[in-house]
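Novice: Sequence:
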Amino acid sequence: MDNPRKRGGGDGSSAAGTTPRSKPATTATAREVESEWAGLTLEQFRAEVPRDPDDARFIFSFPAPASPSSALHTPQEAEEAEALVAFFDKFGFVVVRDVLTPQEAQATVNEIFGLLEEGTEGRFDRHDVSTWDQWPAEGMAKHGMPSRPPLFTPQILRNRQNPRLVSPFALLFGSEDIMISHDRASLFRPTKGVQFPTGARDMPHWRTSENLHLDMDVWGYLGSGDKERRTLAGLQYGDRHLNHFIFENNQVCERIHPLNVQAVLNLVDNVEADGGFQCVPGFRHHFNRWAEANAGKRDLVEMAKERNSMMFPDDDPIQKFGMRITMRAGSMVIWDQRTPHGARPNKSGRMRCAQFLRMFPAQPMDPKRAQARVHTVDAKVRAAGFAPELTDLGRRVFGLSAGGGGRTGGGGGGGRRGSPARVAVPRPGGGARGGGGWQRGGGRAG
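Residues in the sequence shown are numbered consecutively from 1233, following our numbering.
Be aware that one or more of the hints could be misleading.
Cut-off 27 Å, straight-line C-alpha distance, at most; resulting in silico cross-link-like pairs (DSS-like, lysine-lysine) [said to hold, decoys possible]: (1) K1552 <-> K1374; (2) K1374 <-> K1579; (3) K1459 <-> K1600; (4) K1529 <-> K1459; (5) K1424 <-> K1374; (6) K1579 <-> K1424; (7) K1579 <-> K1552; (8) K1529 <-> K1552; (9) K1552 <-> K1424; (10) K1374 <-> K1529.
The following label-pair restraints were derived from C-beta to C-beta distances [claimed, not checked]: (11) P1307 <-> R1380: 41 to 49 Å; (12) A1616 <-> A1310: 33 to 41 Å; (13) G1425 <-> A1369: 27 to 35 Å; (14) N1342 <-> G1470: 27 to 35 Å; (15) T1623 <-> Q1308: 21 to 29 Å; (16) E1350 <-> D1434: 25 to 33 Å; (17) S1301 <-> K1552: 39 to 47 Å.
FYI, nobody ran anything at the bench for these hints, they're computed from the structure. A virtual CB, placed ideally from N, CA and C, is assigned to each residue, including glycine.
Work the whole structure out from these sequences, hints included.
Specialist: If you want it as C-alpha cells, here you go:
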C-alpha cells in the first residue's frame, strides 16, 4: 500500500482519479473555499455518496476483513479491501459492516444499559422508559454518554480486540503495528412517540445537542507538532487522570503522522431520524486551503486542558453540508480526522447506541507516558476480570506487548514511525473508483 502521507491530499487537490470541484490553488479566500461547497445543491452533494443498493436508508458499506493480516486475505477479500481504501480516499470516511455479530452488538448495548442503571443506583431501568429521565451524575446527558471517563468493561474491551474491528484500520494505515484508544460510549434516548404505560408521548428534552467539530487544533495540526508532543509526553493516566485517554485522541499533527482517523461502532440499526453521526464528505481534500483561508477563526479552538477541539458556529457555511451516515447494527464508520463531524439529535421513537474509538500507529512514546499508560491499561483490564480473555491481538493493540506502543523512546508523541510490517493490499489503478465500481466492494450498507 502506498504511503498514507500521499493519501487523500489535504492540500486542495482531489483524490487520485476524482474530479476536483474547483481548480487547485495555493491560496484561497474564505469566499472561494465556501463557493466550492455552495456551487452544489444539497441534492447533488449528497448524491455523490452511494447508498445501499438493497436498502437506501443506509450508506454504502464494505465487509470487514476477517483478519488484519493481508497474508490471510482471499482474492475476494483483497479486491474488497482495494475498494474500501479507494472509497475512503475519495470521501474521507468509510462504513464497514458486520464488524460485530448481532449477539456482540446486543451484549454491548446491554453493558451500556448496565452503566446507566449502576450510575443512577437503579433509578434508571432499561425495561421502564418512564425512568429514563434519570441519568448518571458523572455522565453527559446532552451527548447521550453514561460516563465521562473512558470505559473498560468486558464487552467494550472484547470489541477493541476484535480482528474485524482492527482489520479496516490496518488497511488504511498500511500496517498492523497499530494501537487502539480507550474511549466512551453513547445512548441517544428516543424522542418522538415514545411508548409509556399511559400511551405515546414526545420527549423533546431528551434530544442531544447538534454539532459539527474537529477534534484537533486545526492550525497546530499543520504546525511543527512540538506542542502536541509536549502534551502527549505529559499525560499521566491512572485513576486520577483517566480522561488523559480522551485527551490523547486530539493531539494530532501531520508531522507526527500524516494520517489520523477516528471511528464510531454502531450497535443498533441507525436511520436518518434516529440521530447520530454526521460528517462533511470529501472535506479532507480542502482542509489545508480552508485552514489557510480561515486562520482568523483560531479563537474557536477549545484549548482547555489541552483538549484541542474546534466547534463550527451554527452560521458557518460548512454546516449545511453535514451528512448523516446511517448504518446497520454491528457496522463501524471510520473517518479522516480532518473531516468536520459530530452528531444530530434523535427525532424518532428508536434509540441510538454507539461505542467511540480511534486507532493510531504504535510509535515510540515518552518513557514516563508509556509506563503510565501500560500500567493503567493493565490495571483496568485486570479489574474488569478480562485478563484471561486478552488475546495476542488484544495485547498488541492495547500496547501491552513488547511490540506495542508501550515501548519507550522517541519524542512525546512518537516523532518517527520506525519500520512496521506493511500490509500488501492492492490499490486501484488511478485512485478512487466512481459510480458502479463501488459494487466490487460488497452489496449493502452499515
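Novice: None of the hints should be skipped; say for each whether it holds.
Specialist: Against the structure, the hints:
1. Distance hint between K1552 and K1374 is fulfilled; the C-alpha atoms sit about 22 Å from each other, no more than 27 Å.
2. As the CA atoms of K1374 and K1579 are separated by approximately 14 Å, the hinted pair is consistent with the 27 Å bound.
3. The straight-line distance between the Cα atoms of K1459 and K1600 is roughly 17 Å, inside the 27 Å bound, and the hint therefore holds.
4. For the proposed pair K1529 and K1459, the alpha carbon gap of about 19 Å is at most 27 Å, so the pair holds.
5. Between K1424 and K1374 the CA atoms are separated by roughly 17 Å; this keeps the pair inside 27 Å, and the hint holds.
6. For the hint pairing K1579 with K1424, the CA-to-CA distance comes to about 6 Å; that is within 27 Å, so the pair holds.
7. For the given pair, K1579 sits about 18 Å from K1552 by alpha-carbon distance, which is consistent with the 27 Å threshold.
8. Among the hinted pairs, K1529 with K1552 is consistent with the structure: their alpha-carbon atoms are about 19 Å apart, no more than 27 Å.
9. Between K1552 and K1424 the alpha-carbon distance is near 24 Å, which keeps this suggested pair within the 27 Å criterion.
10. With a C-alpha separation of about 25 Å, the suggested pair K1374 and K1529 falls inside the 27 Å cut-off, and the hint holds.
11. P1307 and R1380 have their C-beta atoms about 46 Å apart, which keeps the hinted 41 to 49 Å range intact.
12. Between A1616 and A1310, the C-beta spacing of about 36 Å keeps the proposed range 33 to 41 Å intact.
13. With their beta carbons about 29 Å apart, G1425 and A1369 fall inside the hinted range of 27 to 35 Å.
14. Between N1342 and G1470, the C-beta spacing of about 29 Å keeps the proposed range 27 to 35 Å intact.
15. Taking the beta carbon of each, T1623 and Q1308 are about 25 Å apart, inside 21 to 29 Å as hinted.
16. E1350 and D1434 have their C-beta atoms about 28 Å apart, which keeps the hinted 25 to 33 Å range intact.
17. Here the CB-CB span from S1301 to K1552 is close to 42 Å, well matched to the stated 39 to 47 Å.
The structure agrees with every numbered hint stated previously.
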